[in-house]
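Participant: Residues per chain, in single letters:
Number of protein chains: 2
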Amino acid sequence: MSDRIYNFSPGPAVLPETVIKKAQTALWDLEGSGIGVMEHSHRGAEFTAVLDQAEAACRDLAGIPDTYSVLFMQGGASSQFFMVPMNLLTGNDTADYINTGSWSKKAIKEAKLFGSVHVAASSEDENFSYIPGGDSVQFSSDPVYVHFTSNNTIAGTEFAGEPGAPKSVPLVCDASSDIFSRPFDIARYGVVYAGAQKNLGPAGVTLVIIRNDLVERAPQDLPSMLQYRTHVKTGSRYNTPPAFAIYVVGQVLEWIRNFGGLDKMAEYNQAKAKLIYDFLDESELFYGTARPDSRSKMNICFRAKKSELEAEFIAQAAKKGLAGLKGHRSVGGMRASVYNAFPAEGCEALVAFMKEFERTNR
Amino acid sequence: MSDRIYNFSPGPAVLPETVIKKAQTALWDLEGSGIGVMEHSHRGAEFTAVLDQAEAACRDLAGIPDTYSVLFMQGGASSQFFMVPMNLLTGNDTADYINTGSWSKKAIKEAKLFGSVHVAASSEDENFSYIPGGDSVQFSSDPVYVHFTSNNTIAGTEFAGEPGAPKSVPLVCDASSDIFSRPFDIARYGVVYAGAQKNLGPAGVTLVIIRNDLVERAPQDLPSMLQYRTHVKTGSRYNTPPAFAIYVVGQVLEWIRNFGGLDKMAEYNQAKAKLIYDFLDESELFYGTARPDSRSKMNICFRAKKSELEAEFIAQAAKKGLAGLKGHRSVGGMRASVYNAFPAEGCEALVAFMKEFERTNR
Chain A
1 MSDRIYNFSP
11 GPAVLPETVI
21 KKAQTALWDL
31 EGSGIGVMEH
41 SHRGAEFTAV
51 LDQAEAACRD
61 LAGIPDTYSV
71 LFMQGGASSQ
81 FFMVPMNLLT
91 GNDTADYINT
101 GSWSKKAIKE
111 AKLFGSVHVA
121 ASSEDENFSY
131 IPGGDSVQFS
141 SDPVYVHFTS
151 NNTIAGTEFA
161 GEPGAPKSVP
171 LVCDASSDIF
181 SRPFDIARYG
191 VVYAGAQKNL
201 GPAGVTLVII
211 RNDLVERAPQ
221 DLPSMLQYRT
231 HVKTGSRYNT
241 PPAFAIYVVG
251 QVLEWIRNFG
261 GLDKMAEYNQ
271 AKAKLIYDFL
281 DESELFYGTA
291 RPDSRSKMNI
301 CFRAKKSELE
311 AEFIAQAAKK
321 GLAGLKGHRS
331 VGGMRASVYN
341 AFPAEGCEAL
351 VAFMKEFERT
361 NR
Chain B
1 MSDRIYNFSP
11 GPAVLPETVI
21 KKAQTALWDL
31 EGSGIGVMEH
41 SHRGAEFTAV
51 LDQAEAACRD
61 LAGIPDTYSV
71 LFMQGGASSQ
81 FFMVPMNLLT
91 GNDTADYINT
101 GSWSKKAIKE
111 AKLFGSVHVA
121 ASSEDENFSY
131 IPGGDSVQFS
141 SDPVYVHFTS
151 NNTIAGTEFA
161 GEPGAPKSVP
171 LVCDASSDIF
181 SRPFDIARYG
191 VVYAGAQKNL
201 GPAGVTLVII
211 RNDLVERAPQ
221 DLPSMLQYRT
231 HVKTGSRYNT
241 PPAFAIYVVG
251 QVLEWIRNFG
261 GLDKMAEYNQ
271 AKAKLIYDFL
281 DESELFYGTA
291 RPDSRSKMNI
301 CFRAKKSELE
311 AEFIAQAAKK
321 GLAGLKGHRS
331 VGGMRASVYN
341 AFPAEGCEAL
351 VAFMKEFERT
361 NR
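So the sequences go chain by chain: A and B. Going letter by letter, the first sequence gives residues 1 to 362 in the numbering used here. Going letter by letter, the second sequence gives residues 1 to 362 in the numbering used here.
By construction, these hints were calculated from the structure, which means they are not laboratory data. Even glycine gets a Cβ: it sits at the ideal position worked out from N, Cα and C. Take these hints with a grain of salt, some might be off.
[To be verified] Just so you have them, the derived chain A footprint on chain B, three or more residues with Cβ under 8 Å:
id, region
1, 35 to 42
2, 72 to 84
3, 192 to 203
4, 234 to 246
5, 315 to 326
[Unchecked claim] Cut-off 27 Å, straight-line C-alpha distance, at most; resulting in silico cross-link-like pairs (DSSO-like, lysine-lysine):
id, chain 1, residue 1, chain 2, residue 2
6, B, 112, A, 233
7, B, 233, A, 106
8, A, 22, B, 22
9, A, 306, A, 355
10, A, 21, B, 21
11, B, 112, A, 112
12, B, 274, A, 233
Full structure from sequences and hints, please.
Facilitator: This is the structure in structure tokens:
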């Protein structure tokens, strides 16, 4: 049917094929307007409809109330690493961070430029192979927010739920790699941000959901583009937004709605991950690297007990149309990234190939 | 042949149809890789080839030597408004700005957050309808750079050449709306930046060409994403770049090369603009608003002597497939934006319609 292969890339990552087909049409002519989606004025009626649809779908899917703003920004999660503390960590306040890997560390590094940072917990002692919980998490006395990375693409770990911070403290979450893969309770959050290129769309747009009362905390003398209030006041159109990327995000959100929403998406992601983890648990050659209670449903990291076979495994898999399985350069091994749009058939194909590879490399 | 209409939008703006066709194919499957251009890892060989092609085409077209870095960034020109002074205007230095309109004013506002700004000239006295020159431009004694906006989309004016700053002072240019519409002498510039969405591609990527010695001027304690050095060191891949937008820019640059390069592009743009200006100069109903020596070849702003006819003109034009002719809300009237990819046939069609409208509204 398709000339496309199974793409296990950790991001940018596979998108729903129905969305790609729609985007192909829209590139040439958006909704019969005679002008393509890349070429419409960002102030015109056609793009306004695109932006409105994307925001409405986001609010509807995740139950985002009017007390939060939904922004489509640029610069990726890496820009939120500094924008969050630049806007919210002012004066003598302290912000708490949970360190669960490479992305958390970058967020912590940027936050320290702006104020006092307390690392409430870290799993660096065991190479970030688990999510800290229970007594190992020690919050400061009155943090202005608690920041965490809900899913860690490199180590393949994921928070099972929100960290147990005091209810009065807003959570700030880098949800780049598991946003909209499952339901979440927005009421616990001050800010949720996500680069789009894993679960939401193409690289080049960042979804930021922010509680309105936090928006006004920022100093007034920051550059205009770096104040959340600028983007809130202008409905993400202070300057020209990344129009095509927003269009694709809107279509992906619509695809999730048609799929049955976040509950159904979570069930599907659970089932997909289980296919692979179940095999890893019974395999004599392969094993998962994350602690079982901390396993990510998005990024499944694994190794071969005979590590000299790993390069061969990755190369043979690629030849079979299973691409992007190489683990992050900082940890090695293999990683199967199976975000929302990754099909269950691809997980089955991977397990079948792993079984075959194990048989021939006993 | 095409179900598309003439799109005079000031940006995002019309793109070459051959590029759109290529992008449609690449969305589904980039170069036979079995994976679409939005879905490839930004560290993989396929996207590396995309990035390399875009940079090479840029260097080749404009003769950019190795002493300059070519960056593909996010956040639009609006982010360069603050990044330039944040990185280059340090200590007790003064930067000179030429104020030729709304975009210059925004750049000046952001620069004042970081240091001393001297406005060397302004055409605000006549509603920005001209480009200041000669004795009206008074530079400060030792500016760290001279900033100007080479083309002004709202007033429809354009610098005929570089402003006459001392040769030792690097020029910094917001070239968002006329980059690669004509040749320029890179040796005079410290930084050239441009949001892509007028002459280069879709919204969501900013081309920044920066002289390497300037890159290291920035303080080291800025957020990582806000230091030019971060992007130079990582070849625009500190974080995930806007991959699809970069792909399209690369294809547009290739299209300009196939067109014959910047000299040929400039001739074509000159001829297109002349079609419209010549008619404006002979019309009894319509007139151009920019001073003739300051006229933009990209954005042709005009009014009707009977201003009550303007809304009707814009509406009738839209019905004839001439879209996006409404002037900026701050100045009113009409504006025909005829960037690189806008076809001469569209300029002819506009003039024909203006003649017809003038005849029937005598």
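Participant: Confirm or reject each hint.
Facilitator: Evaluated hints:
1. 35 to 42: Held - the region 35 to 42 of chain B has 7 residues with a Cβ nearer than 8 Å to chain A, which meets the minimum of three.
2. 72 to 84: Per the Cβ count (8), the hint holds.
3. 192 to 203: Per the Cβ count (5), the hint holds.
4. 234 to 246: holds (count 8)
5. 315 to 326: Satisfied; 3 residues make the cut.
6. B/112 x A/233: With Cα atoms ~22 Å apart, residue 112 of chain B and residue 233 of chain A stay inside 27 Å; holds.
7. B/233 x A/106: Between residue 233 of chain B and residue 106 of chain A the Cα gap is close to 17 Å, so the pair holds against 27 Å.
8. A/22 x B/22: Holds - the C-alpha atoms of residue 22 of chain B and residue 22 of chain A are around 16 Å apart, at most 27 Å.
9. A/306 x A/355: holds, 15 Å
10. A/21 x B/21: Holds, because 13 Å separates the two Cα atoms, which is no more than 27 Å.
11. B/112 x A/112: Since the Cα atoms of residue 112 of chain B and residue 112 of chain A sit roughly 25 Å apart, the hinted pair holds (cutoff 27 Å).
12. B/274 x A/233: Violated: residue 274 of chain B and residue 233 of chain A sit about 40 Å apart, past 27 Å.
Violated hints amount to a single one, hint 12; each of the other numbered hints is respected by the structure.
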